[in-house]
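Let the sequences and hints guide you as you build the complete structure.
Residue numbers for the sequence shown follow numbering that gives the first Met the number 0, so the first one is 0 and each next one is one higher.
These are calculated hints, taken from the structure and not from any lab test.
It should be emphasised that the depicted structure is a prediction, and the values quoted were computed from it without experimental measurement.
Each hint should be verified, as a subset may be incorrect.
Claimed, not checked - EDC-like, lysine to aspartate or glutamate: derived pairs with alpha carbons at most 20 angstroms apart:
| hint | residue 1 | residue 2 |
| --- | --- | --- |
| 1 | LYS34 | GLU48 |
| 2 | LYS34 | GLU102 |
| 3 | LYS43 | GLU84 |
| 4 | LYS176 | GLU90 |
| 5 | LYS176 | GLU129 |
To be verified - Cβ pair distances, simulated, as ranges:
| hint | residue 1 | residue 2 | range |
| --- | --- | --- | --- |
| 6 | THR141 | LYS85 | 23 to 33 angstroms |
| 7 | ARG131 | LEU152 | 33 to 43 angstroms |
| 8 | GLU102 | SER149 | 29 to 39 angstroms |
| 9 | ARG167 | LYS34 | 19 to 29 angstroms |
| 10 | GLY178 | LYS85 | 14 to 24 angstroms |
| 11 | ARG131 | PRO159 | 31 to 41 angstroms |
| 12 | ALA154 | PRO132 | 30 to 40 angstroms |
| 13 | ARG131 | THR187 | 46 to 56 angstroms |
| 14 | GLU129 | LEU152 | 28 to 38 angstroms |
| 15 | ASN74 | THR141 | 17 to 27 angstroms |
| 16 | GLU102 | ILE174 | 39 to 49 angstroms |
All C-beta atoms in this analysis are idealised placements derived from N, C-alpha and C, irrespective of residue type, glycine included.
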Amino acid sequence: MKRIASIFLMIFSFFGSQAQPSLKAIRDNFQFAKKVEIKECAGKNFRYEMAVRSENLDTLGGVHFFGAATDQYDNLINTRFVEIEKRTEQEWTILTIVGRLPENTVAVWFFTSVTTAGTYYFDDISLFLETRPGAWKQLGITNSSFEDRSPVLFAGYNIPDQKSRNPRTSLSEKIYKTGKYSLKITYTREKESGNVLTGE
0 MKRIASIFLM IFSFFGSQAQ PSLKAIRDNF QFAKKVEIKE CAGKNFRYEM AVRSENLDTL
60 GGVHFFGAAT DQYDNLINTR FVEIEKRTEQ EWTILTIVGR LPENTVAVWF FTSVTTAGTY
120 YFDDISLFLE TRPGAWKQLG ITNSSFEDRS PVLFAGYNIP DQKSRNPRTS LSEKIYKTGK
180 YSLKITYTRE KESGNVLTGE
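Structural data, given as structure tokens:
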């Protein structure tokens, strides 16, 4: 079992070290990740949006969301996108990562995790690129609303093995913003010697 604090300390220490961070190590410690190829766009501003909903608004602070650029070899470039804007649309909170693509960027990984017990729903993912000052173009995102379930569940997303089933990632047919499905994460608080733990 790994403590939440230890997980995030490890993840963020990768970006603070001089050595190249491990993409696999980061992916495996998040509930889901999305890779978006963005070629020949170095120096351009982008906006990556995701709709989030929780049964308890107080738990939205437990959603962790950031992006990281990679080069042509899928190695992480030492740039982490953590500036997030928020707005509300009815019962959903729209989280938007804003940033500028560094040189040699070929793709950007976007990572999402939860650290507070609760049930969360994610939907309607969008990516916008600033083609000229003040002009934004929406780029295509594979399975942006979690509707495509072929050839595998969560097509187009990286979902770590869920051996512990806590947190648990699944699809919801009851609550969604666009289409007929949303991605649902259920996290149940576990206690061991007074510490809150995640699954292995």
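A quick look at each hint next to the structure:
no.: 1; hint: LYS34 x GLU48; in the structure: 14 angstroms, holds
no.: 2; hint: LYS34 x GLU102; in the structure: 18 angstroms, holds
no.: 3; hint: LYS43 x GLU84; in the structure: 18 angstroms, holds
no.: 4; hint: LYS176 x GLU90; in the structure: 9 angstroms, holds
no.: 5; hint: LYS176 x GLU129; in the structure: 25 angstroms, violated
no.: 6; hint: THR141 x LYS85: 23 to 33 angstroms; in the structure: 25 angstroms, holds
no.: 7; hint: ARG131 x LEU152: 33 to 43 angstroms; in the structure: 39 angstroms, holds
no.: 8; hint: GLU102 x SER149: 29 to 39 angstroms; in the structure: 37 angstroms, holds
no.: 9; hint: ARG167 x LYS34: 19 to 29 angstroms; in the structure: 22 angstroms, holds
no.: 10; hint: GLY178 x LYS85: 14 to 24 angstroms; in the structure: 23 angstroms, holds
no.: 11; hint: ARG131 x PRO159: 31 to 41 angstroms; in the structure: 39 angstroms, holds
no.: 12; hint: ALA154 x PRO132: 30 to 40 angstroms; in the structure: 35 angstroms, holds
no.: 13; hint: ARG131 x THR187: 46 to 56 angstroms; in the structure: 48 angstroms, holds
no.: 14; hint: GLU129 x LEU152: 28 to 38 angstroms; in the structure: 34 angstroms, holds
no.: 15; hint: ASN74 x THR141: 17 to 27 angstroms; in the structure: 22 angstroms, holds
no.: 16; hint: GLU102 x ILE174: 39 to 49 angstroms; in the structure: 41 angstroms, holds
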